[in-house]
Amino acid sequence: MIVLDNLVKRFGAITAVDHLSLHLEKGKIHGLLGPNGAGKTTLVRMMSTLTRPTAGKASVAGCDVERDAMGVKRSIGVVHQTLNFDPELTAEEALVVHGRLHGMKGGHLDQRVHEMLTFAGLEKEAKRLVPNFSGGMKRRLSIARAMLHEPEVILLDEPSVGLDAHARRNVWDLVRNLRDAGRTLVLTTHYMEEAQALSDRVVIVDHGKVIGDGSPEALIAEAGRVAVDHPGPSGTLTRFFESREEAAHFVASLEEPATVRAANLEDVFLKITGRHVNPKEQEGAAANASRHGHTAARKHHS
Amino acid sequence: MQAVMAILLRENIILKRKFWKYLASWVVSPLLYFVAFGWAGRGRMVGAEVDYAAFLLPGLVAMSAMTHSFGISTEINISRFYWKTFDEIRTAPISDWVYVVGETMSGAVRGILAACVVVLLGLIFRVNFAFTPSLLFAVVLTALVFSALAISTAMLAKTHADQGMISSFIITPMAFLCGTFFPLGAYPDWLRGVIQCLPLSPAANLVRAAAHHQPLPWLQALYLAAIGLVFLGAAMAVVRRAKD
Chain L
1 MIVLDNLVKR FGAITAVDHL SLHLEKGKIH GLLGPNGAGK TTLVRMMSTL TRPTAGKASV
61 AGCDVERDAM GVKRSIGVVH QTLNFDPELT AEEALVVHGR LHGMKGGHLD QRVHEMLTFA
121 GLEKEAKRLV PNFSGGMKRR LSIARAMLHE PEVILLDEPS VGLDAHARRN VWDLVRNLRD
181 AGRTLVLTTH YMEEAQALSD RVVIVDHGKV IGDGSPEALI AEAGRVAVDH PGPSGTLTRF
241 FESREEAAHF VASLEEPATV RAANLEDVFL KITGRHVNPK EQEGAAANAS RHGHTAARKH
301 HS
Chain V
303 MQAVMAILLR ENIILKRKFW KYLASWVVSP LLYFVAFGWA GRGRMVGAEV DYAAFLLPGL
363 VAMSAMTHSF GISTEINISR FYWKTFDEIR TAPISDWVYV VGETMSGAVR GILAACVVVL
423 LGLIFRVNFA FTPSLLFAVV LTALVFSALA ISTAMLAKTH ADQGMISSFI ITPMAFLCGT
483 FFPLGAYPDW LRGVIQCLPL SPAANLVRAA AHHQPLPWLQ ALYLAAIGLV FLGAAMAVVR
543 RAKD
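These protein sequence lines are chains L and V, in that order. The working numbering numbers the first residue of the first sequence as 1 and each following residue consecutively. The working numbering numbers the first residue of the second sequence as 303 and each following residue consecutively.
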């Protein structure tokens, strides 16, 4: 469905995407996971024809992004990272304008607008101006807009950034519904929880390159299913083990308190790169773990 | 054509929602110019063939058509830099010319409405002024030309502040130099030659001729239309380049 072949994008001296190749299958949610600046958004912008590749090839739904940009545009719906709505338009008007830009008209357009507003749970808000919406409502409207013209592929660039937990769950439900309806989804995120919860396949990107690729379970299994966080000379260290028994063995040998937990995609990234996807969030989590996790680890091993 | 109408629909909804603000801006400047130069200075101009108010009003009509159709550049830049809605249009399956034509028409609508407001002011002030099809032609052509220019400059601007500077360098000098307030006869020959090449000069001449029942200067109309086509071509080129 989406083929990226040796794709490169340079902005002056900076290489945002570095000879990246991928083949993304139909009907799945593909999570592009990586820290800020990894090249995820640039990838999505190239897939959506907004940015021209410096080198390499990319095709979406069989259409080359450079030679058949119009074909690509007909096949995709894009949920942009920024909640980009005209402040003077109501939710309904925003969808109508989008539909007309995609060649829709008349009763069919009216019907699709109604269907998509219902899909996003915004049917009662149709006549409200978009600036009066909450962030979560705008994001749901953005997904409804991307779906309006029934594209085969939906590109979602950080769809839950800036949303609270409840709104994020709502967006996740919508994304799952789209996959269940047979759409192919590409989702960029720097939230490992989101990538893990939604993706059938996770592609970990760093410095414009693919550094991990597989189902969340397979990637975690490869890294080690159990993680142990323990104090080291320069901060918290994490070790990975195949089983809780191995982890318990290791913790018993430590003099300092440690936390035993199930490994996640953040750990996969950490193991491959030696860095966290979200360093600041991780610092907070580590501080939390050292406050609350100590007892849990000791109890586990007592 | 349907996609052009979609661009127009979007801009016209925005126009409808902000109509009273727009109306105020269409009224205030020409009214001030009219009171300051037309009323206070009535009958004092040397060398004009008509009453000064009758000379000034067509100039103000052309200037309003220029200024407010060029104003679409501000809307476009707000869309690009602040609301980010330009990306939404760029991912729609429409060609560059559809976008350029749609925005040019949207800008022209604003310019034509603003020019109509000035004509209404002329009625209120009882200025000797003819409403002819030629006048409508002159106003529409002027509005289309400056709207096309607006698309080019909007895409060239890297920030919203750049747009203000572009307006200061392009629109403001034309507004004061191109025969809006005074006939060009007072300028030295070399400067008059330069000014006559600027697009507001033929625009003001066209409007003035139409408003005074004089034959339209068709060569100037052709020249203005040619400039408009150059601006349209430039707009197409910069919109294509604006992808990155």
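No lab work stands behind these hints: they were computed from the structure. Among the clues, some could well be false.
[Said to hold, decoys possible] Pairs of lysine to aspartate or glutamate residues, derived as DMTMM-like cross-links and limited to a Cα-Cα distance of at most 20 Å, are as follows: (1) L:K26 / L:E150; (2) V:K386 / L:E92; (3) V:K386 / V:D398; (4) L:K271 / L:D173; (5) L:K26 / L:E152; (6) V:K318 / L:E88; (7) L:K26 / L:D5; (8) V:K386 / L:E88; (9) L:K271 / L:E217; (10) V:K323 / L:D173; (11) V:K320 / L:D213; (12) V:K318 / L:E92; (13) V:K320 / L:E88.
Nothing here was measured: the structure is a model prediction, and the numbers come from that model.
* Asked: Hints broken by the structure, by number, lowest first?
  -> Of the numbered hints given earlier, those the structure breaks are 4, 10, 11, listed in rising order.
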